[in-house]
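> Using the sequences and the hints, build the whole thing.
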Amino acid sequence: MEISIKNRINPQLFGLWTALASITMMFGALTSAYIVRQAAGNWLEFRMPDLFIVSTVVILLSSVTLQVAYNGYKNQKEGLYKGGLVLSFILGLAFLILQYNAWMMLFNMGVDMKINPSGSFLYVITGVHAGHILGGITALIVALLHAFTLPFEYSDKRKNRFQLVLHYWHFVDLLWVYLFVFLLMTR
Amino acid sequence: MANDVLTYDDEVILEEQGFDDHFHEHEHGDHFKSNFVNHYVFSMDHKIIARQFLITGMVWALIGAGMSIIFRLQLGFPEESLTWIKPLLGKWIAVDATTGIGTLMPEFYYALVTMHGTIIVFFVLTAGLSGTFSNLLIPLQLGARDMASPFLNMLSYWFFFLASVIMFYSLFLSTGPFSGGWTAYPPLSALPQASTGSGTGMTLWLMSLTFFVVSVLLGGINYITTVLNLRTKGMSLWRMPLTIWAFFVTAILGLLSFPVLVSGFFMLICDRMLGTSFFLSEIFIEGAALPNVGGSPILYQHLFWFLGHPEVYIIILPAMGIVSEVLSVHARKPIFGYKAMVFSILAIGFLSFIVWAHHMFMSGVNPFISNFFVVFTLIIAVPSAVKVFNWITTLYKGNIRLNTPMLFAIGFVSMFISGGLTGIFLGNSAIDIQMHDTYFVVAHFHIVMGVAAFFGMFAGIYHWFPKMYARFMNETLGKIHFWITMIGAYAVFWPMHYLGIAGVPRRYYSFNTFNSFDDFTALNQFITIAAIVVFAAQVLFVINFFYSIWKGKKMTTKNPWKATTLEWTTPIHTGHGNWEGNLPVVHRWAYDYGKDGIDYVPQHIPLTEEEKAQEGSH
Ligand code: HEM
Ligand SMILES: [Cu+2]
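Read top to bottom, the protein sequences are chains W and L. Here the first sequence is numbered in the UniProt record's numbering, starting from 1 and rising by one per residue. Here the second sequence is numbered in the UniProt record's numbering, starting from 1 and rising by one per residue.
Errors might be hidden in some of the hints.
Stated by the list, open to error - Listed next, with one range per pair, are the computed distances between beta-carbon atoms:
#: 1; chain 1: W; residue 1: Ile35; chain 2: L; residue 2: Lys612; range: 53 to 59 Å
#: 2; chain 1: W; residue 1: Gly127; chain 2: L; residue 2: Phe368; range: 43 to 49 Å
#: 3; chain 1: W; residue 1: Asn10; chain 2: L; residue 2: Phe368; range: 47 to 53 Å
#: 4; chain 1: W; residue 1: Gly28; chain 2: L; residue 2: Lys612; range: 45 to 51 Å
#: 5; chain 1: L; residue 1: Asp20; chain 2: W; residue 2: Val142; range: 32 to 38 Å
#: 6; chain 1: W; residue 1: Gly83; chain 2: L; residue 2: Phe368; range: 39 to 45 Å
#: 7; chain 1: L; residue 1: Leu88; chain 2: W; residue 2: Leu44; range: 50 to 56 Å
#: 8; chain 1: L; residue 1: Ala430; chain 2: W; residue 2: Gln38; range: 45 to 51 Å
#: 9; chain 1: L; residue 1: Thr608; chain 2: W; residue 2: Gly28; range: 47 to 53 Å
As the list claims (entries may be wrong) - Interface residues of chain L toward chain W, partial, derived using beta-carbon atoms under 10 Å:
#: 10; residue: Leu75
#: 11; residue: Ser277
#: 12; residue: Ala289
No lab work stands behind these hints: they were computed from the structure. Note that the structure is a prediction, hence the values are computed from the model and not measured. Note that beta-carbon positions come from the ideal geometry of N, C-alpha and C, so glycine has one too.
Given below as structure tokens:
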């Protein structure tokens, strides 16, 4: 029988993953409801704004820069750490601004919230996702504060904290890719 | 070891065999205790948080049960005057100016039924049951100092508290609380103008339940993380008591199903506030057509019951875990079929996600698809029956101590059998055509979920009261409480099966326009009287509870029930951090009762030479 108490994984990271499972279920429900509702007919067809492609590229890039920042921290490279973090933050904000503009384009095309469930679903799904990005940006702000107020030195505690932000951010990034592909495929 | 060695010197065992996690050097032990506010109000100690959940749940239970008495009076004695209750209900009792007869307003009858369901299902049997015992027992029975995140744990309680305050406030709105049923189906829940309670009442209902979900999720993340990461040395998954298995699977169910409800809530909120048509189509209110087209109320039902069915298992699994533990301790026998019990918990957990449409057989779901749901629903009866069989076998030839916790645990088994059997009726869609939305369904779920889960909760409270308050509850009062509740609950709910078979629909304010139901007047009066008696017995319980906190018989030994699990190795007055010195190290499973002629061997007692030899030979 194993007699060891070594923590199998950092409990906070594990807790984060359980929370991500829960968020996944929420979007699973929204997209399933989308499919069910679409199958029932009376479904307005419209073209997705191309701007969403740009925002997809931006959010993917931000994941790369954040990973660079994280690796920089682990390898004690201060420049990469701080620079990557700042870039990720800017790209995250850019993503939100692009989403907002894409909504505006839709709205100007005449696809508003009320016109048909197909539009309502699009706004709700991308809107709730944007809410989760906002949460990630808040976490990035905290990480930035740490980076620029605390003296630069490596500690496991700080690495673990950063890792939480990193995993969350990768998650909302992949979540967007899933949602985007889903919305494209189910046109 | 001789037969008469029945107490174990924990001081020595922990000192010599325990595991030193340098708890006191880290100094995160008692510094929370600095003052009253930190200790009792914003506490991060899982044991205090457990008591907060319990007492909040008890307050809600009294409110929720009190509501049922009022609407039962309406159902049993529709002609009697309710003027005497006007001081409490105010304008919801309409008093006839000439005769002086007071009647309950129909709007408020619906509000009462709705609030009763919401309160009991979510606030009492989810927060009050799982919140209390997951918090109390997960760290104690696993040998952990506290939860993985005491802070999130504290937040979990305070989100529940916030949800409670909002719901409580909604009871006093001039338009009344939400009144469209605890399932909140649209359009009643989606159109503010649909009924008096659909406006502000429903807005507050949604806010309250959203905060409630946050509380459940924060709690669940913590429970899962703690179970998987903070077990003491030697506590492998297969050595965990069944209570922990049950809380663990419950938390997973909550974590995966509540977010789906939240999605439904988002869409409902959009329908209410932004004019979308997720759930609305072609509706006429007062002759005028609404602009909403293209929505589907059935979509909401899918989202609701995808949570709703797992939710009933979120309620019953903790009760099952508690009952397994209590039965084994007080029968002085190992639980029968431990692994089968674990696998049936897992099977129930899994299956509970693929049966939701059995609540919708009559909602216009494709009958072909219904067939799948019939099959899965009936399959759930298999793991349920395994559990029942194992409980009964655990009792068989046991040295049974018929004390109050044991009585309630046995009562649970009885209730679960009675209610489970009627579930099998309802699970057949052909029979459900007749039974749906009748009192048969009311009887089914009150017995199998309402009463059974309450019994599990009572068993847990009487059993772990000494761990919570270092005193015992009064046994005589406890037994009176049990017998009145046991007989009374059957008296209330058994006759409802006959009402249901005769076609009496649920959620009706009055039946006096249906001649065919005239025969049931006396039966309805009987049910109401029985309900009042049962309610009185619960008041007795509450008195016993608070009396015993301060005046109950003191606990003099650490392990009064001679149980094997780790919570009974902590000091009688357990401080924050649970164990004073070393953590216990676990050497065996949780059910070594009556092994080799020895009454019980706690989990932290090392294996004897013979036992080691036996283990090796396997
Ligand atoms: C043998 C297992 C069970 C089966 C086959 C079963 C089947 C059913 C079915 C088919 C219904 C829908 C009836 C209708 O609305 O027409 C129902 C209702 C219900 N069941 Fe069960 N059930 C079982 C066990 C349980 C358990 C263990 C619980 C809770 C702990 C539970 C709680 C409920 C509740 C709360 C409702 C009614 C909800 C409402 O409409 O307000 N059932 N059951
Ligand atoms: Cu169900």
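> For the hint on L:Ala289, does the least C-beta distance to chain W fall short of 10 Å?
violated (15 Å)
> State, for the Cβ atoms of W:Gly28 and L:Lys612, whether the hinted interval 45 to 51 Å holds or is violated.
holds (49 Å)
> Next item in the hint list is L:Leu75. Is there a CB on chain W closer than 10 Å to its CB?
This hint is violated: L:Leu75 lies away from chain W, its Cβ roughly 37 Å from the closest one there, beyond 10 Å.
> Range first: 53 to 59 Å. Now tell me if the beta carbons of W:Ile35 and L:Lys612 are that far apart.
At 58 Å between Cβs, range holds.
> Between W:Gly83 and L:Phe368, does the beta-carbon spacing fit 39 to 45 Å?
For W:Gly83 and L:Phe368 the Cβ distance comes to about 59 Å; the hint is violated.
> Confirm or reject the claim that L:Leu88 and W:Leu44 have a C-beta distance inside 50 to 56 Å.
holds (51 Å)
> Can you tell me whether the CB distance of W:Asn10 to L:Phe368 sits inside 47 to 53 Å?
At roughly 48 Å between Cβ atoms, L:Phe368 and W:Asn10 fall inside 47 to 53 Å, so the hint holds.
> Is the hinted range of 45 to 51 Å satisfied by the C-beta distance from L:Ala430 to W:Gln38?
Given about 31 Å between the Cβ atoms, the range is violated.
> Does the Cβ distance between L:Thr608 and W:Gly28 fall inside 47 to 53 Å?
holds (51 Å)
> Min Cβ distance, L:Ser277 to chain W: is it shorter than 10 Å?
Cβ of L:Ser277 sits 6 Å from chain W, so the hint holds.
> Does the beta carbon distance between W:Gly127 and L:Phe368 stay inside 43 to 49 Å, or does it fall outside?
Check failed, 36 Å falls outside 43 to 49 Å.
> That 32 to 38 Å hint for L:Asp20 and W:Val142 (C-beta), does it hold up?
At roughly 35 Å between Cβ atoms, W:Val142 and L:Asp20 fall inside 32 to 38 Å, so the hint holds.
When the structure is compared with the earlier hints, violations turn up for hints 2, 6, 8, 10, 12 and for no others.
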